[in-house]
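Visitor: Starting from the two chains in their separate frames, assemble the complex, guided by the hints.
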Amino acid sequence: MVVASTSMRVDVVSPEAVLWSGEAEFVVARTVDGEIGILANHEPLMAALATGTVNIQAGEDRIRATVGGGFLQILNNAVTLLVDEATLEED
Amino acid sequence: MASAELRAIRRRIRSVESTKKITRAMELIAASRIVKARQRVRAARPYAEKMIEVIRNVARASGDVGDPLLERRELGTMGVLVVTSDRGLAGAYNSAVLRMAERQMVELGDQGVAIRLYAVGKKAQTYFSFRGYEMAESFLAVTDQPTYADARRIAQVLTDDYRSGTVDAVDIFYTVYRSALSYIPSRAELLPVSPPVDDDGQPDASGPAVSYEYEPDPAAILGRLLPLYVESAIYEQLLESSASEHASRQRAMKAATDNAEELIRVLTRTANQARQAEITTEIAEIVGGAQAMSAS
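Note that the protein sequences, when read in sequence, are chains A and B. For what it's worth, numbering that gives the first Met the number 0 labels the leading residue of the first sequence as 0, then goes sequentially. For what it's worth, numbering that gives the first Met the number 0 labels the leading residue of the second sequence as 0, then goes sequentially.
For the record, the hints were derived by calculation from the structure and aren't laboratory data. Be aware that one or more of the hints could be misleading.
[Stated by the list, open to error] Calculated cross-link-like contacts (lysine to aspartate or glutamate; reagent style DMTMM-like; alpha-carbon spacing at most 25 Å):
#	chain 1	residue 1	chain 2	residue 2
1	B	Lys19	B	Glu4
2	B	Lys253	B	Glu26
3	B	Lys35	A	Glu15
4	B	Lys49	B	Asp216
5	B	Lys121	B	Asp66
6	B	Lys19	B	Asp143
7	B	Lys49	A	Glu42
8	B	Lys49	A	Asp83
9	B	Lys121	B	Asp149
10	B	Lys20	B	Asp257
11	B	Lys49	A	Glu88
12	B	Lys49	A	Glu24
13	B	Lys49	B	Asp170
14	B	Lys121	B	Asp159
15	B	Lys49	A	Glu84
16	B	Lys20	B	Asp143
17	B	Lys35	A	Asp83
18	B	Lys35	A	Asp10
19	B	Lys49	B	Asp66
20	B	Lys49	A	Glu15
21	B	Lys253	B	Glu16
22	B	Lys49	A	Glu34
23	B	Lys49	A	Asp32
24	B	Lys19	B	Glu261
25	B	Lys19	A	Asp83
26	B	Lys253	B	Asp85
27	B	Lys121	B	Glu101
28	B	Lys35	A	Glu42
29	B	Lys49	A	Glu22
30	B	Lys35	B	Glu16
31	B	Lys121	B	Glu26
Extracted from the complex, chain B is given alone in its bound form (with noise of 0.2 Å):
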């Protein structure tokens, strides 16, 4: 009969090899979400691109037409948009971004701008909430898979609210993904919208302007295109936290499946101990009690 120590160690091992078996199986799933993750990334690129050689084309065809997403404005109310992930288990993915935009908030309220604060990800939610922070919308459900229709969600409500005056300019706190083990929270203006510049940095006034026909008129066609340039902007963004989120769950369960083999290595040899010692007792005590016997 097993002792109770080896029965207690048996049940140990079976648990912690359980537990092995889920944190390999979300190591798993997090590696094929990065791969989808940073290819819907390369696949948005091209329109990303287009976008901007279009926005370029026509701010410098249409000389200097206004748009109210253009126009910088006194900072009364600033909008902070923060990109977590719903799940934990991930790392430092959430708290690193999450401090970073705590941040910036306590310096600006320092200076006397006020806070409008949205969330994506439970995890942000919780976390500002928890901390008294007021949540002015929450996005949630989003991060594991980003889509274009989330980017378009959430690009409405800050549009919306920069156009009513809500807040005077919105930055948006996410994660860039370098590789599997780099990931850099970050920080980027959403709006007002800034021109996008040329490559080497400087607004491109040299290159020949292109005429075009418009249909219609150019400052129609721009108030168009730059709510479709925030959304892809943030569709972007939310494809790189995406990455970032499975790189860093990836690698925090890397870690708890090889701690779940190394327990399981050392309660092994423990159970491996205690049947021996208990093999042990039960030949000593026959040839105890053989001895007994031949001696009497």
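Chain A with its partners taken away, still in its complex shape (with noise of 0.2 Å):
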């Protein structure tokens, strides 16, 4: 990676559909041990989701996701939310 980027790719995804995709600068996301903030270049992690608020800041795009719980994956500035039901809102 030459230059670092200030945004990174997100995926929302139920079993059912992909229910958001794209650029975003900002995600914060409540895991199973409390709330964290993610960035770009965030480093690898994988989180349990708790039952929450997913929120996406795209541009100027608010993106709010209700989750009924599921996963988080970080890996090579992707962030993928594997999520077992959810509701989005965006704004």
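Guide: This is the structure in structure tokens:
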């Protein structure tokens, strides 16, 4: 990686569909150990998500997903949220 | 006045026509359901693929972390899950997978393995209870349009029984959809979970191990991941079966519609012949009557 990018790829995937995917600057999620904020170029992480809200800041858009649980993986500047149930709000 | 014969034939034509309407409607519904099931299989694929990727990464990074769902036990009781439809009129779809499952069960029985049977669909339930098998659990109203919640419910029952030692392994019998004309009854191992392998069929130990941070520890993560993996596997197998069911029904209903059309053609010809014979008789009577009048 030559220049550290300021955004990362985020995919929110449920068993029945890909709910959201795109570039984002900032992600806040609740894991079983507490809330974490994720910026671009985060170190590899594997975490279990708790029931709660995931906030994604993508440019001007804020996406709020209410999830029932699942997993969060960070690898190579890509955040993958495997969620079991989720509803999405955008504003 | 139409003769009794002609009226009977016309009644049959009407009845065949209404049957044809029903089979044609079922054919069209089945066709649209295949498309839907295929779309859902496609929509579910990203999750399943990510899940496999994540499990592989965790397993690789955490070395030999054990989990009850991975542990192979000596086979005392085998769980058998058979996926069929609730309704018939689907050609050989149900009997193919039922025969395959029963053959396997007889084989296991010969080896002294006890069977615990789980049924998806009314057809499996009636087939096996008619033959005197005991049913541990049946799941109905699932296969027409399976949802992830259905898969979760089934997975929950199976993993609970596996954890409690009621069963030592679980196989699923379902139908793989290849194309509109080809669906293959298949068997897959659900439990214990075989760790996903790479496309070349080798457990991948070569690739660079990713050093993750874990929240909480790898064993706990794996313990949460594996039940979800079972759920998503069952979900995909339900969708495959559903697509096969609808494809099979579409084909059966198409054949029925074609038969009805052929029958209508034959009956219409018979009706026309009967009508013609009647007219001929009438003319003969009139001519005969006129001749008798002029002769007198």
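Visitor: Checked against the structure, which of the hints given earlier come out wrong?
Guide: 5, 25, 28, 30
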